[in-house]
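Number of protein chains: 2
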Amino acid sequence: MGDTVIGFGILGCASIARKVSRAITLAPNATISGVASRSIEKASGFAKANSLPPDAKIYGSYESLLGDPDIDAVYVPLPTSLHLRWAVLAARKKKHVLLEKPVAVNAAELDTIIEACEVNGVQLMDGTMWMHHPRTEIMRHFLSDTERFGQLKTVHTCFSFAADPDFLKGDIRVKPDLDALGALGDAGWYGVGAILFAADYELPKTVTALHGPVFNEAGVILECGASLLWEDGKVATFNCSFLTNLTMDITAIGTKGTLHLNDFVVPFQEHEASFTTNSKSGITEFMTGWVSLPSEHIITAELPQEACMVREFARLVGSIKNGSKTEKKWPTRSRKTQLILDAVMTSIKRGYEPVEIVS
Amino acid sequence: MGDTVIGFGILGCASIARKVSRAITLAPNATISGVASRSIEKASGFAKANSLPPDAKIYGSYESLLGDPDIDAVYVPLPTSLHLRWAVLAARKKKHVLLEKPVAVNAAELDTIIEACEVNGVQLMDGTMWMHHPRTEIMRHFLSDTERFGQLKTVHTCFSFAADPDFLKGDIRVKPDLDALGALGDAGWYGVGAILFAADYELPKTVTALHGPVFNEAGVILECGASLLWEDGKVATFNCSFLTNLTMDITAIGTKGTLHLNDFVVPFQEHEASFTTNSKSGITEFMTGWVSLPSEHIITAELPQEACMVREFARLVGSIKNGSKTEKKWPTRSRKTQLILDAVMTSIKRGYEPVEIVS
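Protein chains in written order, with this note's numbering: chain X, 265 to 623; chain Z, 265 to 623.
Derived by calculation from the structure, the hints in this document are not laboratory data.
On a predicted model such as this, the values are computed, not experimentally measured, just so you know.
Incorrect hints may appear among the rest.
Identical copies go unnamed one by one, so any copy, or any two together, can satisfy a pair.
Stated by the list, open to error - Using 25 Å as the maximum straight-line C-alpha spacing, the simulated DMTMM-like pairs for lysine to aspartate or glutamate come out as follows:
#, residue 1, residue 2
1, K469, D435
2, K520, D435
3, K520, E534
4, K544, D435
5, K469, E617
6, K433, E411
7, K433, E549
8, K613, E495
9, K439, E373
10, K439, E466
11, K312, E411
12, K520, D430
For reference, chain X alone in the conformation it holds in the complex:
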């Protein structure tokens, strides 16, 4: 009885790895079996600072961790430009791959990673935590409700944060050789993912970058936006930025309902999250108010969303160990997100022309 406990290796000691280490510890079906850095001192320091289990092994190279037979899965928080090399090698070593976003520099590299995972029968999932919050599924029910929400017509999302001067100078996310997609790959990953979530993962027909992206001196995007258009006429816009106050909005508007939330990436509070909806909204006769006020839906969460992510990933890995196939849903979603990011980049390069999405 009980779930199989999956042993995780952590490939690199980026600051996001601290959060995911905590999540692995919190997830009931996962444990940290090892950590690797390019220096054994750094790995050892990480293990101590983050209270890793005493039996977790410390590795001074990524290769050595990947050779450890006790490790079932790896969490990869390395800079995006290193994902291709290490995710593919992990797959070849039969390690399941929980890959930090943005998953790749472009869809072609991601396809190589996906193929390596498929060939080797390992699960691939990207590290988008909010997808695993229980709130997300409840919002999905609302968006799928033909009576309360109707047909989706318009989505707007925004994820921005005001990066400090150190970040803007030295973070991997502003370095062209490490995270070439900049704010688009980092913050934009969430905004695009939220649009796809609202559209139930139907790809748009065209993506058009908005005028006015901001670049740093090295040519990396610090802020940009785009508009998306679907075959059926649905439209979406998003904005992503390293230069403005922390904002995490989804507004999804259907023929009969509206959904709002302002904390989709990280809920305001760890154990409780909410969103608001309106359905068949109307105005009083003299337009002095709304016929009904928005409804707030409050969801309690026993585990933080990152632990829910680890639990779901470990559950899939456990199933695969017991003979199930890999779950294609997650790499498919990552790939659709990546296709749109690529199209935004292409549209900017082509002077804000619409770019067709070819799946």
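Put chain Z on the given structure of chain X with help from the hints.
Same frame as chain X, but now just chain Z:
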């Protein structure tokens, strides 16, 4: 002591006139002195149905009302295509003009109206009610606060409502000869106005329509959007629609703060309205929540916003009667809004090319 009471004439019995009649009655410095329709029966029916004062005069033509020396000001809810003719004639008859939005078919016609009002020394104001809600000024304080909000960088607005089949078939707002701007002139007027409000009425450099506008069979816009770009790099997007659930959003993001509200056109409730702000928002160390929750600012309103509008207009008219000059702020704002609507139309016609705004 006491304000001068301004006598209003109502030029046409559109359904919006019912709301504004109530507002004139509620405003302490205004009264309804007359109502005109193209038929005296219709005007008389309107007076009865809306409990107009017993001494209000009933006119069977707009011209006759404009000839009444007891009438200081007119409220003009006629279809947009008739604004040029009747607003100009009203100004020539020395009537102050409260003009329903969209104020004109295009900026050239509006300029003729503005000139007629200036030459004749009468006040022009458009009927955008939310500009007069006390909440609006308090939001302006937040947006101007360099500590709490910083510099404006991004704005998104949306105003949409799900028009019923009768509206989509027969309302003046979907008829090319009456309200040629359709949803852009009606709902879009608000979204554009809210963007200008957030930008403190600085005009953008370019306006680019988004791909995917929806037209009816007569070629009138039922849904569209655009992106705006300022000289200093500020960006804005808006969406307006007759086809989606009632939604009235402003999201304004600065370098240090964010403002949200979801009922900017008509507050959820008549006597109380709110908006939320975040300032210098941050995430906890393990990204498990926000450092501080959004603040809700609640504003009580003694009068509904449309009565505040009438009160302000009547106050200006009273000042002019006492020798003051007309207030240029209001026609200037109307004109800036109209310039942007015109640019959206031009951009759509030019295949979504950016259109420069020339003031």
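Is the C-alpha distance from K312 to E411 at most 25 Å within one copy, between copies, in both cases, or in neither? Neither, since 53 Å and 39 Å both go past 25 Å.
- request: Indicate which option fits the pair K433, E549 if close means a Cα-Cα distance not exceeding 25 Å: within, between, both or neither.
  value: Classified as between; 21 Å across copies, 56 Å inside a copy.
Up to 25 Å CA-CA - E411 versus K433, copy category: between (49 Å within a copy, 23 Å between copies)
| query | Which holds for K544 with D435 at a C-alpha limit of 25 Å: within a copy, between copies, both or neither? | reply | Classified as between; 20 Å across copies, 46 Å inside a copy.
Regarding K520 and D435, is the shortest C-alpha distance of 25 Å or less found within a copy, between copies, in both, or in neither?
Cα proximity of K520 and D435: across copies only (20 Å, versus 43 Å in one copy).
Go through the copies and call it for K439 and E466: within, between, both or neither, with a Cα cutoff of 25 Å. neither (32 Å within a copy, 34 Å between copies)
task = Classify it for me, K439 with E373: is the Cα-Cα distance of at most 25 Å met within a copy, between copies, both or neither?
result = within (18 Å within a copy, 52 Å between copies)
Please sort K520 with E534 into within, between, both or neither, judging by C-alpha distance up to 25 Å.
Answer is between; shortest inter-copy Cα gap is 24 Å, intra-copy 31 Å.
Q. Within a copy, between copies, both or neither: where do K520 and D430 come within 25 Å Cα-Cα?
A. between (46 Å within a copy, 17 Å between copies)
Identical-chain pair category, K469 with E617, by Cα at 25 Å: For K469 and E617, the Cα distance is within 25 Å both inside one copy (13 Å) and across copies (19 Å).
K469 and D435: within-copy, between-copy, both or neither at 25 Å Cα = neither (34 Å within a copy, 32 Å between copies)
When no copy is named, should K613 and E495 be tagged within, between, both, or neither for a Cα gap of at most 25 Å?
both (24 Å within a copy, 21 Å between copies)
The earlier numbered hints that this structure contradicts are 1, 10 and 11.
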